[in-house]
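Protein chains in written order, with the working numbering: chain A, -4 to 497; chain B, -4 to 497.
Hints listed in this document are in silico derivations from the structure and should not be mistaken for laboratory results. A hint or two may mislead.
The list treats identical chains as one, so a pair stands whether inside a single copy or across any two.
Below, a list of computed lysine-lysine pairs in the DSS-like style, where the Cα atoms sit at most 27 Å apart [unchecked claim]:
hint, residue 1, residue 2
1, K366, K489
2, K74, K289
3, K296, K70
4, K74, K396
5, K348, K215
6, K419, K132
7, K89, K106
8, K348, K485
Protein chains: 2
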Amino acid sequence: MATSTKNARKKEVKKETGLGLTYKKDENFGEWYSEVVVNSEMIEYYDISGCYILRPCTMAIWETLQTFFDAEIKKMNVKNVYFPLFVTENVLQKEKDHIEGFAPEVAWVTKSGQSELEVPIAIRPTSETVMYPYFSKWIRGHRDLPLKQNQWCNVVRWEFSNPTPFIRSREFLWQEGHTAFATQAEADQEVLEILELYRRIYEEFLAIPVVKGRKSELEKFAGGYYTTSVEAFIPNTGRGVQGATSHCLGQNFAKMFEINFENEKGEKSMVWQNSWAYSTRTIGVMVMVHGDDKGLVLPPKVAELQVIVIPVPYKDADTDAIFNACSSTVQKLREAGFRADTDLRENYSPGWKYSNWEMKGVPLRIEIGPKDLANNQVRVVRRDNGSKTDIPMSNLVGQVKEVLTSIQECLFNAAKQKRDACIKVVNTWDEFVAALNEKKMILAPWCDEEEVEKDVKARTKGELGAAKSLCTPFDQPRLPEGTLCFASGKPAKKWTYWGRSY
Amino acid sequence: MATSTKNARKKEVKKETGLGLTYKKDENFGEWYSEVVVNSEMIEYYDISGCYILRPCTMAIWETLQTFFDAEIKKMNVKNVYFPLFVTENVLQKEKDHIEGFAPEVAWVTKSGQSELEVPIAIRPTSETVMYPYFSKWIRGHRDLPLKQNQWCNVVRWEFSNPTPFIRSREFLWQEGHTAFATQAEADQEVLEILELYRRIYEEFLAIPVVKGRKSELEKFAGGYYTTSVEAFIPNTGRGVQGATSHCLGQNFAKMFEINFENEKGEKSMVWQNSWAYSTRTIGVMVMVHGDDKGLVLPPKVAELQVIVIPVPYKDADTDAIFNACSSTVQKLREAGFRADTDLRENYSPGWKYSNWEMKGVPLRIEIGPKDLANNQVRVVRRDNGSKTDIPMSNLVGQVKEVLTSIQECLFNAAKQKRDACIKVVNTWDEFVAALNEKKMILAPWCDEEEVEKDVKARTKGELGAAKSLCTPFDQPRLPEGTLCFASGKPAKKWTYWGRSY
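For reference, chain A alone in the conformation it holds in the complex:
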C-alpha cells in the first residue's frame, strides 16, 4: 500500500456498504461458503461450471503447504517428476477396477485445431496408468528399488454432482506420489509415514483435527489393495470429508503393468506399490471449519498476511505521526519474520478496513490511534475471538509472537471441541438413524461386510445423500466381546466412523 499524501487525505472517505456477508454460517451454510470464498478473494467463479480461479491468497496457502510437504518427502528420498497430462484409452483401461472407478469422469480430447484425432485421448484423472508402464521399464533389479516419485500437477475429473469450490471441482491441483518397493513391509510403512505428513498438514498447519484410519472395501481406491485416509468433519453440515489418502496398491497394478524385478536371490518378483495424494481440497476444509459470519478465519501458520496494521486517526490528532508509527510497526514485525502489512488507504474509514481484513481472515489486527501513540502502545485485536489487548511497543515482537501462537492453538482446540461434540457412539440402527438426522459423526460397531455397507447406503438414501463409512480409526476403542454390528446384528469386528460426506 502506498504511503499517504496530504492531498489524498482530504478526499472524502467513502461510505461503502455491502462489505459483510449476506448469509450466516449456521443458517445457510452452502450459500455462506460460496459467498465467503468469493468475498475473501480466495476464489473467483469461472465461466465453465466446476472450474474455479485460485486467487493469490489461496495460492499463498497452497505454496506454504507445498513447501512443507515437498521438503518432507525429499527427506524420504522421493524425487519429483512430471508425466504427461494425456493418456491413451488403451493404457487407461489396463486395470479393470481402476478404470471402472474413473471412467464416468474422464474428459476426452478428440480434436486438435480443425482435425479429428485418430484416437481420442484422455486427460489424467490420476496418474497410475500414465506412470506404471514406465515403472515397468525402469525397474529391472532389486537395486532399482525402492522407486519413489512424486508430481505436483493438475488433474481433471468431470463430475456432474454439486461442484463446490476446493471441495469438488472439475480440475484441481494436487501432489501424487507413486512408489514401488520390493516388499509389502516397506510399502506398509511408507503408507503410514505419508499419512502422518497429511495429519500434520491438517492439524499443525490448517488447525483442523482429523481422524487417521482405513477406508472400507467399498470406499477404498479403485484398483488398490487398501486405502488409509485422514478424515475431517464439518459440523455445520454434519458431513465427513476425506482429507487426503495414502493407498497401498498391493501388486494389482504391478500385475497388469508387469512391474517385475529380479530379487537378491535372482528370482523374478513383483513390486509392491503405493500412491498417495492431497489436493487443494485441504483449503476448502479450512474455510469450512474456521470461517465465521465475518468471513474467512486463517490460521497464522498459513496466512499470507499474519498481521494488518491500521491507523486510527482522529480529527485533531497528528495523522503523520500515526501513519509513521504504523509503518515502523510493520517494519519491526517484518524484521522479526512476521508477514505484516499496513493499510494506509485514505479513502476508507478504519471501520471499513476492519471489516475488510476480517473478511480476508487476517489473524491479527493492530490499531494505532492518538492514545496508543501517546502511551507508546498498540491495540491488538484477534480475528479468532475478537479479544482486544493493549501491548507496549517495547514488547511488540514478543507479544505478537505469543498471540499468533495462541491463535493457532485456539483455532485447533475450538475446531476439535466442535468436532468432538459431533461424535456420537451408537450401537443400534435406530440410534444410528437418529444420530444421522442430528448430523453426527457416528462411531458404530461394524461387522465389516461390504454387503452391509451397501445396505446402509440403500436404507439411508435421501435428499441429503446416503450415509457411508468414513473410516475405521486406527485408534480403536475397546470392543467388548459379543458386541453386535449396528446395521446387520452380526458380531462386530471393529469400530467404524459413519456419516454423510462430501
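Following the hints, complete the assembly by docking chain B onto the known chain A.
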C-alpha cells in the same frame, strides 16, 4: 546409494557395455540429441507423440530455475494465481489476431465419460483469454493497478511439425506472467525487467549466451503490441532458438476484454498489459549447447548432483578405508553446501561408473584410490574439459568450490566463443545466402518492412526450413548512413539477426 557390505563386494563386477552414445554431436545432431536426453535419464519418450516424461534430474533443474525466478518476481510484487486449464470457444476467440495465431494448435475436449459436451472446450495454449475477462472484473480504479499475476502451469499446443523433447512438445511446463498498468511507461519498464531475469536464467544459471532484442512484426506474439526475447543459438544446427519472451500487449486485449479503470482524474482509461513466459524449453537449449559425445554436461549451478565421489579400489588395497574416505568426503562436501554423492555400488567397475556419471553430466568427479588415501588427497576430474588435478583433503572444500565456479564460467565462455564464431555480418543477399548455408547467425541491415521479411522467408524456403528474423538486438552496432537493406536494397533502419530457427 546404500553402504557396501563385504558380501556384496565379492560378487563379480558386471562387464556392461552399451553405456556410450551411438551418435556423435557433430555428425548427427538430431539423433545425438534424442539419445542424450534419454540416456542421461532426463527424458523418457511417452506413448503419445510429442509428449515426454520429465525425469528427476530434469525436474531438479526446473525447480532451481523456478526458485530463482519465483523469488525475483515476488520482489516485484507479482502474485501467484491459478486459472483453469479450460477455456470456452467463445472467449478464446475474442482477440482476432491472437486466435488466428493459436487456433491450429488448440486441443479440444468434446466428451466426458460417455457423454458429448454441449459445447467443445479448449485446453489453454496460453492464458491471455482465460484470464482477461476477470482482469476486467477486478480492475475498477487506479488503485487496483498495477495488477501483477503469474502462474506456474502446463499448456498444450498440438503441433504436428517435428516434436523435439523440451524444444517443441505438445504439452510443456512454463510460467506465464500477466500484468496490467495504468501507463505504457510502466508496462515498457516491466517488459525489460522481466527480460533481464530471463537473460540471467540463461547466462547465470544455464551458462548460455543470449541476445536481448525485439521481434519483428511478423514474429511478434499473436495479438500483442511488441515482443522482446532472449535468443540463443545452436551452432551445430545453425538454428536460433527463442529462449523466452516478454511481451507488451499494449491495449489490444484491454479493448476486446474491456479492461478499463477510472484514473486519478476520474476519467475512464484503458489498461496497458504485458505477458511473459519461459518454459521447459530452457532445459533443451542447455542440453544442445553444452552436451558432448560422452553425454550431458550440466552447469554446476543447476546440476542436481554437483560432485560424484567414486572409490577406485585395487586388489590388495584396503577397500573399507577407501569406501569410508568416499563417504566422509561426501559428508564434508554436503556440510559445505554442495550437492554431492558417492557411488559405492559393488557390481560396477570404476570405469563403468565414470562413463555413467559423465553421461548424466555431473560437473565434477572425485576419485579416491589407495594412492590418494596414502597421500591424503583426492583426484578431481572436470566434466567440461576432462582435466585432472590432485587436491589435498585439507583444502577439499575450498578447491571444489573454486573448480565448480570455474566450470560454470568456462561453460559460459566456451559457449559464447562458439556462438560468437557463428555470427556473421552480411550486407548483401548473396552474402546472406552463403552465410545461411554455412549455418550462421546472421546480422544484417534491414529496412524493417514486413513484406520484405515474408519475401526472405519465401526465397529461402527449402528442406531445412526458411530463414526468418530472430530479433533486432537492443545492442545495435553503428549503422552508417546510406546502408541498404540486405534483402530489399531499400535504406536500412536497423541491424537484425536472421537465421533458421527452432
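### Task
Taking the numbered hints from earlier one at a time, note which ones the structure violates and give those numbers from smallest to largest.
1, 5, 6 and 8
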